[in-house]
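Undergrad: Residue numbers (this note's numbering), protein chains in the order written: chain A, 1 to 143; chain B, 144 to 255.
Worth flagging that the hints you see were computed from the coordinates, not collected in a lab.
Glycine included, each C-beta is placed from N, C-alpha and C at the ideal position.
Treat the hints with care, since some could be wrong.
[Said to hold, decoys possible] Calculated pairs, DMTMM-like style, for lysine to aspartate or glutamate (alpha carbon to alpha carbon, straight line, at most 25 Å):
1) B/K242 x B/D215
2) A/K143 x B/E203
3) A/K143 x B/E228
4) B/K192 x B/E203
5) A/K143 x B/E249
[Stated by the list, open to error] Just a few of them, taken from the derived set where beta-carbon distance is under 10 Å, the chain A residues facing chain B:
6) R18
7) D38
8) L139
[What the hints assert, rightly or not] A short list of chain A residues far from chain B (calculated; beta carbon distances all over 10 Å):
9) L3
10) I7
11) T10
12) G40
13) V71
14) N78
15) D79
16) D95
17) M99
18) F109
19) D113
20) A120
21) L125
22) A128
23) A135
24) G142
Given next are the chains, with one letter for each unit.
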Amino acid sequence: MELLTGIAATSGALNSQRTRLDIIAQNIANARTTRGPDGGPYQRRIVSFESELLRSTDSANGANSPGLATVRVSGVTNDPTPGQRVNDPGHPDADAQGMVTLPNVNLAFEMVDLITASRAYEANLNVAKNSRQMAMRTLEIGK
Amino acid sequence: MAIIGSALPVSIQSLRPPLDLAPAREIFTPKGPSGLAPTGGQFGEIFEKMVSGVELRQAEAGAVTRSVLLGDNPNLHQSVIAMQEASLSFSLMVEVRNKVVEGYQELMRMPV
Numbered sequence: 001m002e003l004l005t006g007i008a009a010t011s012g013a014l015n016s017q018r019t020r021l022d023i024i025a026q027n028i029a030n031a032r033t034t035r036g037p038d039g040g041p042y043q044r045r046i047v048s049f050e051s052e053l054l055r056s057t058d059s060a061n062g063a064n065s066p067g068l069a070t071v072r073v074s075g076v077t078n079d080p081t082p083g084q085r086v087n088d089p090g091h092p093d094a095d096a097q098g099m100v101t102l103p104n105v106n107l108a109f110e111m112v113d114l115i116t117a118s119r120a121y122e123a124n125l126n127v128a129k130n131s132r133q134m135a136m137r138t139l140e141i142g143k
Numbered sequence: 144m145a146i147i148g149s150a151l152p153v154s155i156q157s158l159r160p161p162l163d164l165a166p167a168r169e170i171f172t173p174k175g176p177s178g179l180a181p182t183g184g185q186f187g188e189i190f191e192k193m194v195s196g197v198e199l200r201q202a203e204a205g206a207v208t209r210s211v212l213l214g215d216n217p218n219l220h221q222s223v224i225a226m227q228e229a230s231l232s233f234s235l236m237v238e239v240r241n242k243v244v245e246g247y248q249e250l251m252r253m254p255v
């Protein structure tokens with residue numbers, strides 16, 4: 001018995017957007033990290049999504065209900081663009097010419113991504129809230 | 144619930160005029176314990192299934208919330224959604240119960 005239909009798709013979307021927010025937080029936190037575990041500057045990470053068909057557990061209306069597709073994170077990849085190089089001979093990570101490679105994180109881009117991700121999360125929360133309200137209104141028929 | 148489940152169909156059917164004696168006797172003859180314990184498809188059994196479904200949902204919501212609080216699951220929304228589903232199924236159950244009790248009381252008030 002599925003009371004809140006479509007909530008599984010929304011839940012998957014919320015999961016994905018939360019992962020995206022985590023990765024953006026990581027990018028912003030490491031905006032000035034010039035040395036990572038591999039010795040190089042931090043590389044910006046990008047989250048990509050893919051749709052995923054939900055396994056239908058509801059056999060009652062399986063024939064005429066369309067298979068809902070939710071979303072999941074397909075992978076977190078590195079942004080390959082080279083980072084900005086600045087002249088700072090006093091920096092511990094400067095090379096022989098006194099140049100330091102900064103991470104390829106652009107704070108303006110990250111802030112825009114942050115706004116998009118948080119708005120997308122909000123939109124999915126509204127879907128969840130709305131489907132609950134619809135069910136509650138339906139129960140009010142009997143009153 | 145089993146009392147109402149078994150009492151309702153009998154009281155509805157007993158209102159019909161007994162056109163034929165044989166089926167009427169079948170209805171009014173007590174069948175012993177099998178008459179008290181409703182078998183498949185009876186309302187009491189269906190309602191019991193519904194109650195256990197609601198209970199299962201409550202337990203699921205509790206488990207998810209506990210895992211979020213213990214830090215095993217970072218997804219807060221899963222806990223809230225599970226709680227909403229549990230509360231909604233509980234409301235639906237209460238609504239069904241209200242309707243059944245209302246119908247039973249309506250029959251009881253009926254002047255004979």
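Undergrad: Hint by hint, say whether it matches the structure.
TA: Here's how the hints hold up against the structure:
For the proposed pair B/K242 and B/D215, the alpha carbon gap of about 41 Å is over 25 Å, so the pair is violated. For the proposed pair A/K143 and B/E203, the alpha carbon gap of about 29 Å is over 25 Å, so the pair is violated. For the given pair, A/K143 sits about 20 Å from B/E228 by alpha-carbon distance, which is consistent with the 25 Å threshold. Between the alpha carbons of B/K192 and B/E203 the distance comes to roughly 16 Å, so the proposed pair stays at or under 25 Å and holds.
Distance restraint check for A/K143 and B/E249: the Cα-Cα separation of roughly 16 Å lies within the 25 Å cut-off, and the hinted pair is therefore satisfied. Of the supplied interface hints, the one on A/R18 holds, with its beta-carbon coming within about 7 Å of a beta-carbon of chain B, less than 10 Å. The beta carbon of A/D38 comes no nearer than 27 Å to any beta carbon in chain B, farther than 10 Å, and the hint placing it at the interface is violated. Among the interface hints, the one on A/L139 holds; its C-beta lies about 5 Å from the nearest C-beta in chain B, closer than the 10 Å criterion.
Annotated as non-interface, A/L3 brings its C-beta within 10 Å of a C-beta of chain B; the closest such distance is 5 Å. Chain B draws A/I7 into its interface by the beta-carbon criterion, the shortest separation being 6 Å against a cut-off of 10 Å. The Cβ of A/T10 sits about 8 Å from the closest Cβ of chain B, inside the 10 Å cut-off, so the non-interface label is violated. At roughly 29 Å from the closest C-beta of chain B, the C-beta of A/G40 stays outside 10 Å, upholding its exclusion from the interface.
Distance check on A/V71: its Cβ is at least 14 Å (rounded) from any Cβ of chain B, clearing the 10 Å threshold; non-interface status holds. Here A/N78 stays apart from chain B, with its beta-carbon at least about 23 Å from theirs, past the 10 Å limit. Even its closest Cβ contact with chain B, about 24 Å, leaves A/D79 beyond 10 Å, as expected for a residue assigned away from the interface. Here A/D95 stays apart from chain B, with its beta-carbon at least about 39 Å from theirs, past the 10 Å limit.
For A/M99, the requirement that its beta carbon stay farther than 10 Å from each beta carbon of chain B is met, with the minimum near 39 Å. No beta-carbon of chain B comes within 10 Å of the beta-carbon of A/F109; the shortest separation is about 25 Å. Listed as a non-interface residue, A/D113 keeps its Cβ farther than 10 Å from every Cβ of chain B; the least gap is roughly 20 Å. With 10 Å as the threshold on Cβ separation, the claim that A/A120 sits away from chain B holds: the shortest Cβ distance comes to roughly 13 Å.
With 10 Å as the threshold on Cβ separation, the claim that A/L125 sits away from chain B is violated: the shortest Cβ distance comes to roughly 7 Å. For A/A128, the shortest C-beta to C-beta distance to chain B comes to about 6 Å, within the 10 Å cut-off, and the non-interface label is violated. Not every C-beta of chain B lies more than 10 Å from that of A/A135, the closest at about 5 Å, which undercuts listing it as non-interface. Look at A/G142: its CB is around 5 Å from the nearest CB on chain B, not clear of 10 Å, so calling it non-interface is violated.
In summary, the structure is inconsistent with hints 1, 2, 7, 9, 10, 11, 21, 22, 23, 24 from the numbered list given earlier, while agreeing with the others.
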